[in-house]
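Chain by chain, the residues run as shown.
Number of protein chains: 2
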Amino acid sequence: MNQSLSTRRNQVAEWFRSLQEHICKELEAEDTVGKFHEDRWERPGGGGGHTRILKGGKVIEKGGVNFSAVYGTPPESTVLHAGLDPATVKEFFATGVSIVLHPSNPLVPIIHMNVRYFDLGESDWWFGGGIDLTPHYVKPEDARFFHTQMKAACDRHDPMYYSTFKQWADDYFFITHRNETRGIGGIFFDYLKATDGFSFDDRFAFVKSVGESFAPTYRELMRRNKEANYHDDHKKWQLLRRGRYVEFNLIYDRGTKFGLESNGRTESILMSLPAHADWEYDYRPAAGSPEEYTWSMLRKGVDWINEG
Amino acid sequence: MNQSLSTRRNQVAEWFRSLQEHICKELEAEDTVGKFHEDRWERPGGGGGHTRILKGGKVIEKGGVNFSAVYGTPPESTVLHAGLDPATVKEFFATGVSIVLHPSNPLVPIIHMNVRYFDLGESDWWFGGGIDLTPHYVKPEDARFFHTQMKAACDRHDPMYYSTFKQWADDYFFITHRNETRGIGGIFFDYLKATDGFSFDDRFAFVKSVGESFAPTYRELMRRNKEANYHDDHKKWQLLRRGRYVEFNLIYDRGTKFGLESNGRTESILMSLPAHADWEYDYRPAAGSPEEYTWSMLRKGVDWINEG
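One line per chain: the protein sequences are G and U, in this order. Using our numbering, you'd call the opening residue of the first sequence number 81 and step up by one each time. Using our numbering, you'd call the opening residue of the second sequence number 81 and step up by one each time.
Think of the hints as simulated: they come from the structure by calculation, not from any bench. Only a predicted model underlies this, so the values are computations on that prediction, with no experimental measurement involved. Check before you lean on any hint, since a few could be wrong.
Copies of one chain are not kept apart here, so a pair can be met inside one copy or by any two copies together.
[Said to hold, decoys possible] Below, computed lysine-lysine pairings styled on BS3-like, alpha-carbon distance capped at 30 Å:
id, residue 1, residue 2
1, Lys115, Lys273
2, Lys115, Lys306
3, Lys316, Lys306
4, Lys115, Lys315
5, Lys115, Lys316
6, Lys316, Lys170
Could you put the whole structure together from the sequences, leaning on the hints where they help?
Set out below in structure tokens:
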């Protein structure tokens, strides 16, 4: 391996590792009670990860902030998808941070972030990732704040990033069989390479901005809502919305599917599932209820910053 | 359509419809409290179904006994899978009964049955289906009873059916990413056609035996266990095992996948999901506990009748 590839991999993995550290500290500070527990694991084919799980916090009921850096023989489908010849591509390297947090208070939203770097040796490399928010109860002022934060992270790097990646998130975080979005979206991006005038450093700088926006954004959303009073109706609706979250993650989420099919570490991958989830046959929220309002907002194309 | 195809379709659908009726009555009698609620629905492309849901029974917490009979333009993948030319196959017809029952008492097992008939007009037809049992707590005497019942239904028709279909169930009801079976298996079969000396009547008679074995088998399992005392530990384990059931149904179950991808009625398809399910990161049952015993038995190839 030449020096620059090795340097790049170390640089990115090191930064992701420090991001995990930073985010865990910030979340523990806002939660005030919960502490992350770390499991280190090795991947038989090469590399490994640090899975960090928090359960039973004051704000976070169950959540994970996972780091991994793995390498080895690339899955053939990945090489073919990159338009390369499997005979010539001998190795891959992938590193990233994945987060899903399920709060206990239904008025605090679920959040998800993934930032990742992938390369096929010298042949190709790209960044991908995103952040999306799943409020059990849509609050326009929180939705506006969240999307404004996402837009700010994007705008520092390219004026087209936010609108492109916001639409990508609307399309990606969609539960087709329910004809509803998972939540209020956010940003989603993939295959960010040295194209369209962007360098490796440009793309990496953008991914850093996304990663760094996570803690202040979610801490603010926790702060705003963690003391809110809630009742049995809120809890019931939260558990049903978590059921939808489970449906999305097990049926549509590409990272989950890729992870399980490639014999990834199951417990790390499925940390995204909530502690408790409910299903009720043909449940419909009452007309005019806050639950019905939220349901009506789970659609693509909402301009949360200006319309919300 | 010629007379015999039409007659055959009506004959099978009528029998499935009466099976649904029979099973619902039997389950209500054993439950003593719960009643099935019926929703009739139509499929835009042709046909429809009767979805019957029971919730909040004395024994059954949530369950469905669904009948459907649908027809229209066949999915191209199905035609190709049957080795036929999509240009020449203009229609399909499918009818069946699907059942999943989640009991509230953790000592009563979850049960699933599906029996179905499928044809591509005059070109091809087949039966498929199966019954499998998912005890939250494996009890060897119940497992022996269940498999003996399945074997008896098979043995009336062919001496090879049970061993073949038992192995098929072990392979099918398997949660690959957990390296464990969903439960103790049962029987699973598909593409039963007029081959190997069997006629349509032979295959239909077998499917009838399977369908008719359901109510007496599950009533006996309910009767044996419904009054059993249980504690918080049993309930906790039940909810975790239901989480696995959700994982199987959303990731591996072919009927669920086919139904959702072909724009089937989502609420009817997902009636298989429990009212409540839990996930806990890296949960391991205590050494020597009944939960650990059950976990150790969730594997392929157990001879439940003779070894159990």
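Checked hints:
no. : hint              : in the structure
1   : Lys115 <-> Lys273 : neither (36 Å within a copy, 59 Å between copies)
2   : Lys115 <-> Lys306 : within (17 Å within a copy, 41 Å between copies)
3   : Lys316 <-> Lys306 : both (18 Å within a copy, 27 Å between copies)
4   : Lys115 <-> Lys315 : both (24 Å within a copy, 27 Å between copies)
5   : Lys115 <-> Lys316 : both (27 Å within a copy, 23 Å between copies)
6   : Lys316 <-> Lys170 : neither (50 Å within a copy, 46 Å between copies)
Figure legend: structure checked against the earlier numbered hints; hints not met, in rising order: 1, 6.
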